[in-house]
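Number of protein chains: 4
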Amino acid sequence: MQPTIRSFDLAHLAHVELLTPMPEESLRFFVDVMGLTESTRRADSVYLRGWDDYEHHTLKLTAAKVAGMGHFAYRATSPEALQRRAAIIDKAGRGKGWTDGDLGHGPAYAFTTPDGHNMEIYYETVWYRPPPELKPALKNQAQRFPARGANVRRLDHMNLLTSDVVELREFLENVLGLRTTEKIVLDSGQEVGAWVTTNNKTYDLAFTQDHYGAKGRFHHVTFALDSREEILRAADIFLEAGVHIETGPHKHAIQQTFFLYVYEPGGNRVEVANAGARLMLAPDWQPVVWTESERKKGQAWGLKTIESFHTHGTPPIEQYEGPRKR
Amino acid sequence: MQPTIRSFDLAHLAHVELLTPMPEESLRFFVDVMGLTESTRRADSVYLRGWDDYEHHTLKLTAAKVAGMGHFAYRATSPEALQRRAAIIDKAGRGKGWTDGDLGHGPAYAFTTPDGHNMEIYYETVWYRPPPELKPALKNQAQRFPARGANVRRLDHMNLLTSDVVELREFLENVLGLRTTEKIVLDSGQEVGAWVTTNNKTYDLAFTQDHYGAKGRFHHVTFALDSREEILRAADIFLEAGVHIETGPHKHAIQQTFFLYVYEPGGNRVEVANAGARLMLAPDWQPVVWTESERKKGQAWGLKTIESFHTHGTPPIEQYEGPRKR
Amino acid sequence: MQPTIRSFDLAHLAHVELLTPMPEESLRFFVDVMGLTESTRRADSVYLRGWDDYEHHTLKLTAAKVAGMGHFAYRATSPEALQRRAAIIDKAGRGKGWTDGDLGHGPAYAFTTPDGHNMEIYYETVWYRPPPELKPALKNQAQRFPARGANVRRLDHMNLLTSDVVELREFLENVLGLRTTEKIVLDSGQEVGAWVTTNNKTYDLAFTQDHYGAKGRFHHVTFALDSREEILRAADIFLEAGVHIETGPHKHAIQQTFFLYVYEPGGNRVEVANAGARLMLAPDWQPVVWTESERKKGQAWGLKTIESFHTHGTPPIEQYEGPRKR
Amino acid sequence: MQPTIRSFDLAHLAHVELLTPMPEESLRFFVDVMGLTESTRRADSVYLRGWDDYEHHTLKLTAAKVAGMGHFAYRATSPEALQRRAAIIDKAGRGKGWTDGDLGHGPAYAFTTPDGHNMEIYYETVWYRPPPELKPALKNQAQRFPARGANVRRLDHMNLLTSDVVELREFLENVLGLRTTEKIVLDSGQEVGAWVTTNNKTYDLAFTQDHYGAKGRFHHVTFALDSREEILRAADIFLEAGVHIETGPHKHAIQQTFFLYVYEPGGNRVEVANAGARLMLAPDWQPVVWTESERKKGQAWGLKTIESFHTHGTPPIEQYEGPRKR
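Quick mapping for you: the protein sequence lines, in order, are chains R, D, X and F.
Each residue of the first sequence is one higher than the one before, starting from 52 at the first, in this note's numbering.
Each residue of the second sequence is one higher than the one before, starting from 52 at the first, in this note's numbering.
Each residue of the third sequence is one higher than the one before, starting from 52 at the first, in this note's numbering.
Each residue of the fourth sequence is one higher than the one before, starting from 52 at the first, in this note's numbering.
Looking at chain R on its own, in the form it has when it is part of the complex (with noise of 0.2 angstroms):
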């Protein structure tokens, strides 16, 4: 049984970096179709957001050979909260040491998951500032609504490829302390997929057994959006603008998440969600353990998994190297 309550030390998911060999369709998929306003670009990456995210970036879009997730990242809830936490996770011998941060945040503490995935924590950041073009009606809101494609609403979630879920589950829940909500517990015992967060959304990451064995691989990234209806009229937008849509709109069984999942450009899956009522206020939540036979279902109104959403991730297992160099 889980302790009743882990540490605040990390307050949210707060960026996502996508490799995409695939650059200039990649950010017309993201810009044009999902709705995200880019805030910047430098380099060979430009940093977008959400209507909602109130960071100068919630997605940095990085021109890469191959297609993948380069790093992601969390913010602390204090200067004193992300000490201690890098002090942690030093100790724990996953540690690559301190960046000065990157366009839109201060300082970051650079590790990796045990299964090679890349992390970083800070807690400086730079809220952002509309543009007077961009500026909204309602003050308490980041920025003006685009009414452009999707209209993705804010970063929600991501989800791993492990090659070992109940390595990665205790790494992130002893050495960072997110608490586990969801998990799959085949009759085997062997556990091949969990759900974690850190604050009252059920989940802001999630990952699942690698089905060849790989490690450090991608999944998806999930931006929300405020309604199932929205759900639904972004995949007619998607199907308009020729994107893969590869399963959905329906709803998951696991985390009751109203899904629908298409592949950019890049070939990176990336998820819509509704922004959703599900939170979990309870201090106490013990986690929700489905069996195979649960599983075996399909997802919440019968739809069987599509056999794709099992085994496509980034990098496509034919590009695959190896994990990341730690």
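Rather than coming from a laboratory, the hints here were simulated on the basis of the structure.
Predicted model, so just to flag it, every value in this text is computed and none were measured.
A few of these clues could be false.
All copies of an identical chain are treated as equivalent in the list; a pair is satisfied when it fits inside any one copy or across any two copies.
In silico lysine-lysine, DSS-like type, Cα no more than 25 angstroms apart, as pairs [claimed, not checked]:
| # | residue 1 | residue 2 |
| --- | --- | --- |
| 1 | Lys147 | Lys190 |
| 2 | Lys190 | Lys355 |
| 3 | Lys116 | Lys266 |
| 4 | Lys116 | Lys348 |
| 5 | Lys147 | Lys266 |
| 6 | Lys186 | Lys266 |
| 7 | Lys116 | Lys355 |
| 8 | Lys186 | Lys355 |
| 9 | Lys147 | Lys116 |
| 10 | Lys147 | Lys347 |
| 11 | Lys116 | Lys190 |
| 12 | Lys347 | Lys142 |
| 13 | Lys266 | Lys142 |
| 14 | Lys190 | Lys348 |
Put chains D, X and F on the given structure of chain R with help from the hints.
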């Protein structure tokens, strides 16, 4: 009691011409905020349509000194129906004669309502053929979904002001063959509003008593959206674009339309409403008559009708110079 | 090319009789889960209607040994239209003759489709008058909103299986005067499905090739809801009630209907769909023809059509004993 | 500038006790119209909860001579947090002492706000276990979706009236450890409303200046629904049930809540609002301060705030007998 079924000589409300003293701003409003698509432009007019409108245009936007409604048109159900109905109008003494038509449609028979609104009917039309970049993914759709602004779907209905509701209603019923579905009758016996239709939509034309007793003025034109959720989102979009929101979103008691009224930059009132599930399929539908006390309850959920809704029309009363020349 | 406009002798699909071997369970499904209201019951039948259906009933649920569709009816637009159309059917050799009608409607002319489905047409009807506890707050509504189960609004359309799509379509066009709006034609030239209508709804009747070549079977009946959001919620309600969800919610490419299919306890397939914005107002609408390769793309957003959707009908093929006696 | 992050001793608003002089009618309202589920009843109280509330009850409905709010409670994050916070309250001189708890929860520390509202905090709770007929299909949900009335999901927040906004806000911040996310400050410098939270919801408690300067009165309690569409439907359900709709549906400028206010039969104001996408994840969120002129613009889309919204509270001012005994 009205006859159980009327003629089907007219198929549907086809297009509306709006006059605007702010042509550039009005065009930006209809294209960027409402999400209409421009078909073409000629002289002082721009021709526009919603993504599900099958004809060349449903809105003709014409630069003019004073705001107002230039004319509106119904499409006939066949060449024979057109000839038959033109003869009836001619016999009623309201005809102005045949024109060569306009961009997008063939010969039209022009006439005026007893209150002086310019109308026309025609049959031959140009089915819209989208250019490659606007070709829809599904072949049973007129055009690609624009994913811009409020994304209005199609022209829905129009509302006139009139100095004499009964006279106008009887003209529309007896000369044009429309059917009345709902109306308002005050305790005094005065009829102050009526909703009529030529098809299974519960109305495609409405008219209410002009507060000033003026003739031939215009109240609003309405474009349809698919869901109430999209109308709520349209309210956000109008707010962000600095468009004057007059009233709504709320639900009318009459016709149960979920409404939102704004003024376009030229001063004409424009409504977005849900495309709606409400159909009149019964061939022997009898008009629903609303009494004065029922109207005093406000709109469906209790909203009091805003004063300007009863007084504002175009041309504005300050610029009104009597009914149009017939 | 079909004539620009057809007869308007028929007003709308009026009611469907479903046969169920589980009458109690089917009744509970339609009342508690679907949210229909019982009008009355007589002998082995219960008469039901949606809250916006204006007639006495739109669903007649009859206990029977085997599931299936007992008969279905269209209402004529006038007494004259009824007589005229009955004479045409009689001349076509498909008539069974006049009946005294049923609870809720007057004399009906009964006949069969070429495939053996029982049909009838009638004009005289009983407009529903709600008892005090079901009186609606707004007088332009048939009945109080039930706030129970899925709250289906009204009968929308019906889908038959047939051994010969062309024969059935030509009968419906030429003898009943319906119009075809969409159809499927395979590369071989075989027509395997068609959607027809008698009003401005884009369809109120559909029929597809019976996988087994059987005659007179039934595919599904559809009730309409106001929004896609309500259909998603209906999926939750079906899930909670243990109703078998066959497929959906998703969007059909054909007709763009947002669909959700379930089996009622008696085994008949039932659909809930959005009442929808899609109208056919053009008098010269030409049928949209879907090709084999277009159909292979799956539904609008890519969902592959589930196998049972092509094979399951009622009576179930195992209990099929040949076409009904005519 | 408030500290970047406050204590997390309190987890969430846990339950509210409403006093009603019409206990039968109020119970019917909450069960049949709102869709709450009764957990149990004892003495003059009935204990109720929404289908997604995890505790034994979130609403305690108690028969009383005069309408009002009996008490409200927050759940602590741990036994230690409860003890720690009780000591701070005691030291602040507002404590009333420990109670044995109530049905559904363990020992509680009772106290009053500076304005006289009764509060309590506790940790031990009874997780709701549904009886077989209310067991949900998905194991990560507290209870079966009721499919009855408005189907409210969970307790969302509460709004108090107070004679002194600053005093109450400072108590909630300094003694209870809540954070302020938005507030209203008039040109005179007077603070007349504030919104506070103890978790990532942007508020779970609000309070505004009592128009009459009375102490300890109650403004409203809010239950959450998943979508704006469901709130529009709730308006229909309230209308049909004869419930007094005070104002809405519309969108607040402050907090951007999509709201609908009604009076339950006992006279207490109740709101349904969308569970909403708006979260406060930033650890250094600074309060949004609304000025007098900004408030004069009305609600988000321009609706003028109805007069009774500023004056009506419970107990009604006519029955007010001074602040509760402490």
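These are the hints, each one checked on the structure:
1. Lys147 with Lys190: Classified as neither; 40 angstroms inside a copy, 40 angstroms across copies.
2. Lys190 with Lys355: between (44 angstroms within a copy, 19 angstroms between copies)
3. Lys116 with Lys266: within (18 angstroms within a copy, 59 angstroms between copies)
4. Lys116 with Lys348: Answer is neither: 39 angstroms inside a copy and 31 angstroms across each miss the 25 angstroms cutoff.
5. Lys147 with Lys266: The answer is within: 18 angstroms in one copy meets 25 angstroms, while 57 angstroms across copies does not.
6. Lys186 with Lys266: Cα proximity of Lys186 and Lys266: none, with 43 angstroms in one copy and 40 angstroms across.
7. Lys116 with Lys355: Neither: 33 angstroms inside a copy, 33 angstroms across copies.
8. Lys186 with Lys355: Answer is between: at 24 angstroms across copies they meet the 25 angstroms cutoff, but 44 angstroms inside does not.
9. Lys147 with Lys116: within (24 angstroms within a copy, 67 angstroms between copies)
10. Lys147 with Lys347: Answer is neither: 40 angstroms inside a copy and 51 angstroms across each miss the 25 angstroms cutoff.
11. Lys116 with Lys190: neither (41 angstroms within a copy, 37 angstroms between copies)
12. Lys347 with Lys142: Neither: 40 angstroms inside a chain and 56 angstroms across chains, both beyond 25 angstroms.
13. Lys266 with Lys142: Intra 23 angstroms, inter 54 angstroms, cutoff 25 angstroms: intra-copy only.
14. Lys190 with Lys348: The answer is between: 13 angstroms across copies meets 25 angstroms, while 46 angstroms in one copy does not.
In the structure shown, a violation is registered for the earlier hints numbered 1, 4, 6, 7, 10, 11 and 12, in ascending order.
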